[in-house]
Amino acid sequence: MNKGLSEDQTDALQELANIGMGQAGDSLARIWKEFVHLSIPKIAIVDASRLPALIHGFVGDTAVSASRQAFHGGFRGEVLVVVSAKDRNGLANLMGYEGQLDSVEREEVLLDIVNILGGACVGGIAQQVHAEIGFSAPSLIGEDIDPLDVIHPDQLAIDKALSLEVCFKVENRSLTAHLVILLPNNEVGALAQLLDQFLCTL
Amino acid sequence: MDDQKNAQLSGFIVERLELGVFAVDSSFNIVLWNHFMHTHSGKSWESLKGKNLFASFPELPEPWLKRKIDHVFALGNYAFTSWEQRAYLFRFKHNRPITGGVDAMLQNCTFLPLRDAKGKVELVVITLQDCTDNALIQQRLAEAITVSDEERRKQQELIVKLEDAKNQLFQSEKLASIGQLAAGVAHEINNPIGFVNSNLGTLERNVTDLMKLMAVFESKETELPEEAQSQLKKIKKEIDYEYLKEDLAALISESKEGLGHVRRIVSDLKDFSRVDQSGWQIADLEKCIDTTLNVVSNEIRYKASVVKEYGHPPLVECVPGQINQVLMNLVVNASQAFPERGQITLRTGEEGMYVWIEVEDDGIGIPPENLQRIFEPFFTTKPVGTGTGLGLSVCYNIIRKHEGELIVRSEVGKGTCFRILLPIFHGKMGESEGSEAANSVPL
Numbered sequence: 001m002n003k004g005l006s007e008d009q010t011d012a013l014q015e016l017a018n019i020g021m022g023q024a025g026d027s028l029a030r031i032w033k034e035f036v037h038l039s040i041p042k043i044a045i046v047d048a049s050r051l052p053a054l055i056h057g058f059v060g061d062t063a064v065s066a067s068r069q070a071f072h073g074g075f076r077g078e079v080l081v082v083v084s085a086k087d088r089n090g091l092a093n094l095m096g097y098e099g100q101l102d103s104v105e106r107e108e109v110l111l112d113i114v115n116i117l118g119g120a121c122v123g124g125i126a127q128q129v130h131a132e133i134g135f136s137a138p139s140l141i142g143e144d145i146d147p148l149d150v151i152h153p154d155q156l157a158i159d160k161a162l163s164l165e166v167c168f169k170v171e172n173r174s175l176t177a178h179l180v181i182l183l184p185n186n187e188v189g190a191l192a193q194l195l196d197q198f199l200c201t202l
Numbered sequence: 001m002d003d004q005k006n007a008q009l010s011g012f013i014v015e016r017l018e019l020g021v022f023a024v025d026s027s028f029n030i031v032l033w034n035h036f037m038h039t040h041s042g043k044s045w046e047s048l049k050g051k052n053l054f055a056s057f058p059e060l061p062e063p064w065l066k067r068k069i070d071h072v073f074a075l076g077n078y079a080f081t082s083w084e085q086r087a088y089l090f091r092f093k094h095n096r097p098i099t100g101g102v103d104a105m106l107q108n109c110t111f112l113p114l115r116d117a118k119g120k121v122e123l124v125v126i127t128l129q130d131c132t133d134n135a136l137i138q139q140r141l142a143e144a145i146t147v148s149d150e151e152r153r154k155q156q157e158l159i160v161k162l163e164d165a166k167n168q169l170f171q172s173e174k175l176a177s178i179g180q181l182a183a184g185v186a187h188e189i190n191n192p193i194g195f196v197n198s199n200l201g202t203l204e205r206n207v208t209d210l211m212k213l214m215a216v217f218e219s220k221e222t223e224l225p226e227e228a229q230s231q232l233k234k235i236k237k238e239i240d241y242e243y244l245k246e247d248l249a250a251l252i253s254e255s256k257e258g259l260g261h262v263r264r265i266v267s268d269l270k271d272f273s274r275v276d277q278s279g280w281q282i283a284d285l286e287k288c289i290d291t292t293l294n295v296v297s298n299e300i301r302y303k304a305s306v307v308k309e310y311g312h313p314p315l316v317e318c319v320p321g322q323i324n325q326v327l328m329n330l331v332v333n334a335s336q337a338f339p340e341r342g343q344i345t346l347r348t349g350e351e352g353m354y355v356w357i358e359v360e361d362d363g364i365g366i367p368p369e370n371l372q373r374i375f376e377p378f379f380t381t382k383p384v385g386t387g388t389g390l391g392l393s394v395c396y397n398i399i400r401k402h403e404g405e406l407i408v409r410s411e412v413g414k415g416t417c418f419r420i421l422l423p424i425f426h427g428k429m430g431e432s433e434g435s436e437a438a439n440s441v442p443l
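Respectively, the protein sequence lines represent chains A and B.
In terms of our numbering, the first sequence is residues 1 to 202.
In terms of our numbering, the second sequence is residues 1 to 443.
Think of the hints as simulated: they come from the structure by calculation, not from any bench.
There could be a bad hint or two in this list.
[Said to hold, decoys possible] No more than 27 Å apart at the CA atoms, straight line, and that leaves these computed lysine-lysine pairs for DSS-like:
hint, chain 1, residue 1, chain 2, residue 2
1, B, 166, B, 154
2, B, 49, B, 93
3, B, 51, B, 66
4, B, 401, B, 287
5, A, 33, B, 49
6, B, 303, B, 287
7, B, 118, A, 33
8, A, 169, A, 86
9, B, 66, A, 169
10, B, 66, B, 49
11, B, 66, B, 120
12, B, 120, A, 33
13, B, 154, B, 401
14, A, 42, A, 169
15, A, 86, B, 66
[Unchecked claim] Label-pair restraints from in silico Cβ distances:
hint, chain 1, residue 1, chain 2, residue 2, range
16, B, 148, A, 148, 24 to 30 Å
17, A, 201, B, 45, 42 to 48 Å
18, B, 45, A, 62, 48 to 54 Å
19, B, 51, A, 134, 27 to 33 Å
20, A, 34, B, 376, 56 to 62 Å
21, A, 14, B, 51, 43 to 49 Å
[Unchecked claim] A short list of chain A residues far from chain B (calculated; beta carbon distances all over 10 Å):
hint, residue
22, 148
23, 185
24, 186
Built from N, CA and C at the ideal position, the CB exists for glycine as well.
With the hints as constraints, model all of the structure from the sequences given.
Quick look at the structure:
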């Protein structure tokens, strides 16, 4: 259970995430009428204590806004979205907001973005491995916070996690969002099984 | 249960659940509208069936909601809104017509994709949950937390103040014991001075008598035999008799003068400390200044000349020991304001129901950024270990206890002026002053 994913499984997951995100990116690009770039998903088993450094590594020394959302069903975990604080306005525009945002609207935008990106990526993977996935309502981690404060390892319920990281860019908006899907180590087995079933059907 | 019954039951639940449920197709036409939505919106399913959502409810935030629903259609995701960020989707009356507390029903909404057989999202179902009661509780909780945070902050402030007060008290007590010690020493010195003074008086009389006798002897000197005369002359020359005669009187009068000085200092010291008479009294502030100046004269003599511009104000009800302490602090501070030597001006006057004292120096002045902090306890610009940073803070508190004011104005390079305003009358006469600072003599 704690062995993580085999090389085949990791490749499959990366490919599925890539396809899932790619489809989602396509759909979003059509709605937004903007070109959407997605990085190739990076998968790793990470020690909980290394998560703050991981997030810091995405954005560097800049204030960030972050939100999270839980998913459950075939496999369980949480999605984090970290956006550099200065990118928020570009984001709001894409979500159908008009004019200057007040602080609650800014919060809502962050909740929407984790919902859309998380849903696209996790939903995309789940659909391809034929797993039923449900989502809880997203919640805010913080606005204008230090990237090292997004996750406090001592408050985590886990000591290891599977992280799947995707960087998401919208052309013409100078907007970059980092998506991290975290699976608790004891859920990796469930995912591995689903991946195996998927690999068998190939 | 067969499928038909199951569908019936589901239909019933959707229809009668205390949860708003409605659905739209990709053109935003309404395809489901349950009883909850009907009763709260006042519009029935029959009247809305197949109608455009935004045409039927123009008050909805169209661009945002369209985009939100579009995302669900495109991605097949769930989507959410929370009352915390968006109070409501539809402005419905709340469930508290009597108890009130909110403006409209607070709602949490969930957007659910409904897929067709091919997996394409066909409809978006939106559920709308009344969160008013929970929200109210949460809001009250948040308010309570804010209040308790504020209280905790105030407590913290109080703790800091208490600490300051404790330190100040400690300092006052230290000053008070030094004062008592000095007053005790003064008292002890008084006795020997008394008998030295009395002896000196006797000595003076005796010397005068002796001189009288010597004068007679001298007038008879020529009547003595030649030999005796020359012997006397020799001795007189030896001891420089003529000088001795003059010097003796001068020695005694100088000693008396010196002794008088000592007595004055001792009496000022006792006056200043008021060990015998602390508490509220009617006092002459100009006398307070004079005694204070006498006590500190040694401290300031080589640093400043003192100019007095007295306006002879009326007597003031105060605790003289404390006022002396303030004056001493201000005068000693002023004397430290000169790079070399300067002038300290002490003025008094009357203004309405107040008497004022000014202690002004023409020293280096206080920069504006320090000026607002000088009354803070422990604020000092003196090198570590030199000043406690308490002097002015103690002064400030003493004057405040007198219901007066201590005002400072200063200009860098020109000098500083402290102005003490004291109400003439308090109605506290006869009350003893509890604080030890009353009889403190910091020396």
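Hints, one by one, checked against the model:
no., hint, in the structure
1, 166/B x 154/B, "18 Å, holds"
2, 49/B x 93/B, "23 Å, holds"
3, 51/B x 66/B, "15 Å, holds"
4, 401/B x 287/B, "21 Å, holds"
5, 33/A x 49/B, "32 Å, violated"
6, 303/B x 287/B, "23 Å, holds"
7, 118/B x 33/A, "26 Å, holds"
8, 169/A x 86/A, "14 Å, holds"
9, 66/B x 169/A, "23 Å, holds"
10, 66/B x 49/B, "19 Å, holds"
11, 66/B x 120/B, "18 Å, holds"
12, 120/B x 33/A, "21 Å, holds"
13, 154/B x 401/B, "23 Å, holds"
14, 42/A x 169/A, "16 Å, holds"
15, 86/A x 66/B, "26 Å, holds"
16, 148/B x 148/A: 24 to 30 Å, "29 Å, holds"
17, 201/A x 45/B: 42 to 48 Å, "43 Å, holds"
18, 45/B x 62/A: 48 to 54 Å, "51 Å, holds"
19, 51/B x 134/A: 27 to 33 Å, "31 Å, holds"
20, 34/A x 376/B: 56 to 62 Å, "57 Å, holds"
21, 14/A x 51/B: 43 to 49 Å, "46 Å, holds"
22, 148, "25 Å, holds"
23, 185, "26 Å, holds"
24, 186, "24 Å, holds"
Hint 5 alone, counting from the list given before, is not met by this structure.
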